Amino acid sequence: MGATAARLQGFPRLTAAADITPATDPGNLKRLSAALRDLHARVYTESVPEGLAFDCDAETLARANVWNLTTDAGRLDLIFKPGGTQGYDDLARSAVTYQAFGIELRAASLNDILRSKLASNRPQDQQDVIILTEMLKRR
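Numbering that gives the first Met the number 0 puts the first residue of the sequence shown at 0, with every later residue one more than the last.
Rather than coming from a laboratory, the hints here were simulated on the basis of the structure. Any given hint might turn out to be false.
To be verified - Here are the simulated distance ranges between beta carbons:
| hint | residue 1 | residue 2 | range |
| --- | --- | --- | --- |
| 1 | Gln125 | Lys29 | 33 to 41 Å |
| 2 | Arg137 | Lys29 | 35 to 43 Å |
| 3 | Glu103 | Ile129 | 29 to 37 Å |
| 4 | Gly83 | Val42 | 24 to 32 Å |
Keep in mind that this is a model prediction, so the values were computed, not measured. Each residue gets a CB set at the ideal place from its N, CA and C atoms; glycine is no exception.
Make a model of the complete structure from these sequences and hints.
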């Protein structure tokens with residue numbers, strides 16, 4: 000989801016954090032929490048950029064819609080229900096599949112990224128909307 004998914008599809012802007020929209024079923028949240036522990040995930044805040052420790056078990060992850068994290072692999076934002084969407088199942092319907100690092104990655108479609116950015120309407124999204132709209136016109 001977000002600029003990382005758009006970047007896979009030719010979007011020019013770089014981003015500081017990868018955004019993911021995980022499935023919220025208990026089994027997936029358990030696997031996600033194990034992966035986050037392996038990556039030494041911590042809650043990211045601007046005042047403490049190295050992150051704050053937190054219990055990243057499945058139950059804790061399910062308590063918030065958004066987690067801004069820092070990990071050994073970099074910044075990671077978990078967004079369970081991005082603006083303008085109904086979450087993972089909604090985005091999975093039109094997700095685009097890529098092969099990278101020997102694994103299959105699924106990324107939100109440009110249409111879904113645009114839908115989310117229009118709904119969120121943050122200042123950083125307004126320029127992205129223009130670029131995404133132009134990219135979709137050229138397809």
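Hints, verified against the model:
no.: 1; hint: Gln125 to Lys29: 33 to 41 Å; in the structure: 38 Å, holds
no.: 2; hint: Arg137 to Lys29: 35 to 43 Å; in the structure: 41 Å, holds
no.: 3; hint: Glu103 to Ile129: 29 to 37 Å; in the structure: 31 Å, holds
no.: 4; hint: Gly83 to Val42: 24 to 32 Å; in the structure: 25 Å, holds
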